[in-house]
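Residue numbers (my numbering), protein chains in the order written: chain W, 232 to 614; chain H, 126 to 419.
Honestly, the hints are just simulated from the structure, not real lab data. Heads up, the beta-carbon is just placed ideally off N, CA and C, and yes, glycines get one too. Warning: the hint list may mix true and false statements.
[To be verified] Far from chain H by the CB rule (all over 12 Å, computed), these chain W residues: (1) SER388; (2) HIS449; (3) GLU451; (4) THR495; (5) PHE509; (6) ARG561.
[Unchecked claim] If you anchor each label on the Cβ, the simulated ranges turn out as follows: (7) H:ARG395 - W:PRO364: 36 to 44 Å; (8) W:THR530 - H:ASP172: 42 to 50 Å; (9) W:GLU380 - H:GLU348: 31 to 39 Å; (10) W:TYR447 - H:ASN240: 23 to 31 Å; (11) H:PRO327 - W:GLY247: 57 to 65 Å; (12) W:GLU380 - H:PRO199: 52 to 60 Å; (13) W:GLU563 - H:LYS183: 51 to 59 Å.
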Amino acid sequence: MDLFEYQGKDFFSRYGVPTSTGVLVRDPDAAAEAAGSVGFPAVIKAQVQVGGRGKAGGVKLVHDADEAREVARAILGMDIKGHIVHKVWVEHASDIAKEYYVSFTLDRGVKQYLCLLSSEGGVEIEEVAKTNPGAIARVHIDPLEGFTEDQAARIVSEAGIDEASRAGVARVLLQLYQAFVEGDADLVEVNPLIIKTDGNVHALDAKVTLDDSASYRHPEWESYRQDMELDGREALARSKGLNYIGLDGTVGIIANGAGLAMATLDVVSQAGGRAANFLDLGGGAGADAMANALEVINTDEKVEAVFVNIFGGITRCDEVAKGIQEALGRVELSFPMVIRLDGTNAKEGHAILEGLLSDKIRVEKTMVGAAKTAVELAKKGER
Amino acid sequence: MSIFVDENTKVIVQGLTGNQGRFHGLRNRDYGTKIVAGVTPGKAGTDVDGIPIYDSVKDAAAATGATASFIVVPPRFAADAIIEAAAAGLAFVVCITEFIPAKDEAMVASVMRRNYPGTRLLGPNCPGIISPGRCNIGITSGDIALPGGPVGIVSRSGTLTYQALYELSQKGVGQTTCVGIGGDPVPGTNFIDCLAAFEADPETKAVLMIGEIGGEEEEKAAEFIKEHVTKPVVAYVAGVTAPAGRKMGHAGAIVSGGHGTAQGKMDVLREAGVIVAVNPTEAGDRMVEIVERL
Chain W
232 MDLFEYQGKD
242 FFSRYGVPTS
252 TGVLVRDPDA
262 AAEAAGSVGF
272 PAVIKAQVQV
282 GGRGKAGGVK
292 LVHDADEARE
302 VARAILGMDI
312 KGHIVHKVWV
322 EHASDIAKEY
332 YVSFTLDRGV
342 KQYLCLLSSE
352 GGVEIEEVAK
362 TNPGAIARVH
372 IDPLEGFTED
382 QAARIVSEAG
392 IDEASRAGVA
402 RVLLQLYQAF
412 VEGDADLVEV
422 NPLIIKTDGN
432 VHALDAKVTL
442 DDSASYRHPE
452 WESYRQDMEL
462 DGREALARSK
472 GLNYIGLDGT
482 VGIIANGAGL
492 AMATLDVVSQ
502 AGGRAANFLD
512 LGGGAGADAM
522 ANALEVINTD
532 EKVEAVFVNI
542 FGGITRCDEV
552 AKGIQEALGR
562 VELSFPMVIR
572 LDGTNAKEGH
582 AILEGLLSDK
592 IRVEKTMVGA
602 AKTAVELAKK
612 GER
Chain H
126 MSIFVDENTK
136 VIVQGLTGNQ
146 GRFHGLRNRD
156 YGTKIVAGVT
166 PGKAGTDVDG
176 IPIYDSVKDA
186 AAATGATASF
196 IVVPPRFAAD
206 AIIEAAAAGL
216 AFVVCITEFI
226 PAKDEAMVAS
236 VMRRNYPGTR
246 LLGPNCPGII
256 SPGRCNIGIT
266 SGDIALPGGP
276 VGIVSRSGTL
286 TYQALYELSQ
296 KGVGQTTCVG
306 IGGDPVPGTN
316 FIDCLAAFEA
326 DPETKAVLMI
336 GEIGGEEEEK
346 AAEFIKEHVT
356 KPVVAYVAGV
366 TAPAGRKMGH
376 AGAIVSGGHG
386 TAQGKMDVLR
396 EAGVIVAVNP
406 TEAGDRMVEI
416 VERL
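Chain W extracted, bound-state conformation (with noise of 0.2 Å):
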């Protein structure tokens, strides 16, 4: 789960991360007391799940009611990478000496978490780390023996932070490193962490994406799920517990397992066709998920065809297609469906199928021969 800024500055304060204050509102006459409130000047940020945001216009200094009313007029409604604001958050402006990057996140490949930290803070770090690389300050960290005082001390030291303010960056890594491990995050990014005119140290932006598969452990996270901004379809589908993303095509995928979901696209595309959307049922879907997921592929209107697309591991093909039998059950389904069944319980998933094959639903022995079929009949659009 990417976390909004403000939701991300609340995450930080759990872990006495220092931040800015500040107040969310949805409305430029709010933006307006709101500016008031932390005082003049104020800074008004775009909330969006999608950085490159201060580029696009989403952030904007404001030094008086009418100018913050303006300014929020203005980014609130901006389309910034797709993404449409809904909310700023105001807070007041900092005084900045100095911007700094650092973020933490597991390095895969070593199997280890990994500290980045450069003094070539509140630019595009992208850019830095293609054309001066040795600008970013990098340690490993081994989960069993945690980040400690002494690798925080020379990763600030390595990265040419000021001598004067390296304890209090120090402090403030370790901070972040305990919201990072404890806070069950994938990835903690600061950019700019920033020291004031005052030489506090203080986390300017907060760029935090949860672990969903350690929400168990964190009730705390519910607060933030239910502020989560999806379209109606995608909102629906995590309702239903399915792996759903709205794509631009006619031709609805529905498979078990993100790697068959993504072959599937491929297959659909090399076939000529474009699918409406990517679908993973997930492992060991039973009938309620495949009911469900036909059940939200129906209420997008796009969709000429649906291909779904199974291969039984853990999942079983019988209990596949007993959700096709009740999602017809259920709903009205408005397409046609061409159906691939192969795997675990195949026999028993295409005995259940056979009373209920049609010209509207049809079943492909191969993913490529149900591709071309499903491609096909999104064409003649028989919906």
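We have chain W already, so just place chain H on it with the hints.
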């Protein structure tokens, strides 16, 4: 020959008394795998269809001489289960559990590197390993595999592992061993481990490799193939048409910038001399051509 397991491998199932554990454990036994014991704390002395249950992996291993484990337990118990198997001295541990927190996986990797370097972990979040006709540990449906070789399969994606097996078996090409390494952030066994083992296995004459978007494992595999693999390799990388920058259910499937894209991976594999196919069916066809020329 096969890699990592063979017909003599004795296997413990951690979680055999659960619904999934029972289904897949018994199915593995029906396939011919030597499933010799189950482990569920507090259930020692009972049995699952004649397979004795022990309280701990240590007890089960001592009583049966097992050297491998198949872990089918819920995510919150998986890290402890893996460490328990390693601490009991098992050489090979297969964990199929999905949705284990990344921090738990990183911790497991660290503990194993330090304390149990003799244990190989396969997974987590993988379909397991099958050496057709000899041994099947995991959730792969045995009837889609064809014994006799000469192809080794290694795959990062669960269902595409089955697809790969199926494509070859349908075309009459057998497999020596098929290893599903899983797509989680911290896999116990990676492409390179499997490529090295297949290269060393005299029965394996060619390797089919299935990758997917995200991470750098395929890029590293390409480097390894260039330097160390003399046998022909065919690869398919899923996700050429996947929308960029979106998480696709596997923590591994994150596309960032130009790194980790399916296209980028295909390019470096091709440069390393690998035959790259655009879908699993084409990968199977290319492999048939190679096997016919052997």
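Going through the hints against the structure:
Non-interface status of SER388 of chain W relative to chain H is upheld: no Cβ of that chain comes within 12 Å, the nearest being about 26 Å off. Non-interface call for HIS449 of chain W relative to chain H: violated, since the shortest CB-CB distance, roughly 10 Å, does not exceed 12 Å. For GLU451 of chain W, the shortest C-beta to C-beta distance to chain H comes to about 15 Å, beyond the 12 Å cut-off, and the non-interface label holds. Against the 12 Å criterion, THR495 of chain W falls within the reach of chain H, whose nearest CB is about 9 Å from its own CB.
Residue placement check: PHE509 of chain W does not keep its beta carbon more than 12 Å from all beta carbons of chain H (closest about 6 Å). Residue-level check passed: ARG561 of chain W sits 25 Å from the nearest beta carbon of chain H, beyond 12 Å. ARG395 of chain H and PRO364 of chain W have their C-beta atoms about 27 Å apart, which leaves the hinted 36 to 44 Å range violated. Evaluation of the 42 to 50 Å hint for THR530 of chain W and ASP172 of chain H yields a pass: the beta carbon distance comes to about 48 Å.
The supplied range of 31 to 39 Å is met by GLU380 of chain W and GLU348 of chain H, whose beta-carbon atoms lie about 37 Å from each other. Taking the beta carbon of each, TYR447 of chain W and ASN240 of chain H are about 27 Å apart, inside 23 to 31 Å as hinted. Taken as a hint, the range 57 to 65 Å holds for the pair PRO327 of chain H and GLY247 of chain W, whose Cβ atoms sit roughly 59 Å apart. Distance hint check: the CB atoms of GLU380 of chain W and PRO199 of chain H are about 36 Å apart, inconsistent with the given range 52 to 60 Å.
The hinted range of 51 to 59 Å is satisfied by GLU563 of chain W and LYS183 of chain H, whose Cβ atoms lie roughly 57 Å apart.
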